[in-house]
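S.K.: Here is what each chain is made of, one letter per residue.
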Amino acid sequence: MSGPLRVLGVLSVLELASVLVLLGNLATVHDPTVTSVLGPVHGALYLSVATNALLARRLTARTRIGAVLPGLSGPLTVLNVRREARAS
Amino acid sequence: MESLLLSAHVLAGILLVGPVAVTASLFPRYAPVSATTGETHRNADIARLLHRVTRGYGAAALVVPVVGLALAGVQGRTTEVWVIVAMVLTAVAGGLLALQIAPRQREALDAPDDGAQLRRLGMLTGVFNLLWALVVVLMIVRPGSSYP
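Taken in order, these protein sequences are the chains called A and B. Residue 57 in numbering that gives the first Met the number 0 sits at position 58 of the first sequence; the count goes up by one each step and never skips. Residue 52 in numbering that gives the first Met the number 0 sits at position 53 of the second sequence; the count goes up by one each step and never skips.
These aren't lab readings, by the way, just hints derived from the structure by calculation. By construction, the Cβ of each residue, glycine as well, lies at the ideal position given by its N, Cα and C atoms. Mixed in with the good hints there might be a few duds.
What the hints assert, rightly or not - Cβ-Cβ distance ranges computed for the label pairs, FRET-style:
| # | chain 1 | residue 1 | chain 2 | residue 2 | range |
| --- | --- | --- | --- | --- | --- |
| 1 | A | Val28 | B | Val21 | 48 to 56 Å |
| 2 | A | Val9 | B | Gly55 | 14 to 22 Å |
| 3 | B | Ile139 | A | Arg82 | 37 to 45 Å |
| 4 | B | Ala34 | A | Ala84 | 33 to 41 Å |
| 5 | A | Ala16 | B | Gly55 | 27 to 35 Å |
| 6 | B | Asp109 | A | Leu13 | 45 to 53 Å |
| 7 | B | Gly75 | A | Asn24 | 15 to 23 Å |
Unchecked claim - Footprint (simulated), chain B over chain A, 3 or more residues, beta carbon under 8 Å:
| # | segment |
| --- | --- |
| 8 | 33-40 |
| 9 | 51-62 |
Assemble the whole structure, with the sequences as input and the hints as a guide.
M.R.: What follows is the structure, encoded as structure tokens:
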């Protein structure tokens, strides 16, 4: 797996994890501290996944489009990065 | 805490992003081209050094957005529009440097062509520098900020 693809993979896993923790918090204790800290972090991770996918070279259009879809960006990119790593 | 974060943010911005703006801009002037055009200022060693500084300082400059995000969190202004716009511009600039400028510099060093890839690098670097200029102006003007 090439360097940029690995970075994209790590970022998308982190993004997926952050959104799962946010949703878990919303459904259970609903602690406002968790939301105020993790919310912006999740936003920053979404942004870095989207810009990474848009600007990296030699990615398929499917990976690029999937990475900018709000809500689906994390999980789709986790899958797409694996697919691209297998294909190369 | 706020003063410490703000100082680290500004200092890292000046000392880490500044050199990248300079080295990335100078790179196309010194990188080798395959066709002998009689240009005397081409020097592969200087170009390699400029590439190293661009990469090293560029990686270290990740400190700037990370500390900036922490600072915005501490100040409670992560939802202000100018902060979000600055984050988007920063993400694009960082992506441009890591995914386009640095790898294209590497290619220009490994396989020099007639100068076409250097012209493209010059354009990308111009966009990169323009994005940082916009971010700095946003940090000073803070349009829509709730406090002075």
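S.K.: Which earlier hints can't be squared with this structure?
M.R.: When the structure is compared with the hints, only number 6 turns out to be violated.
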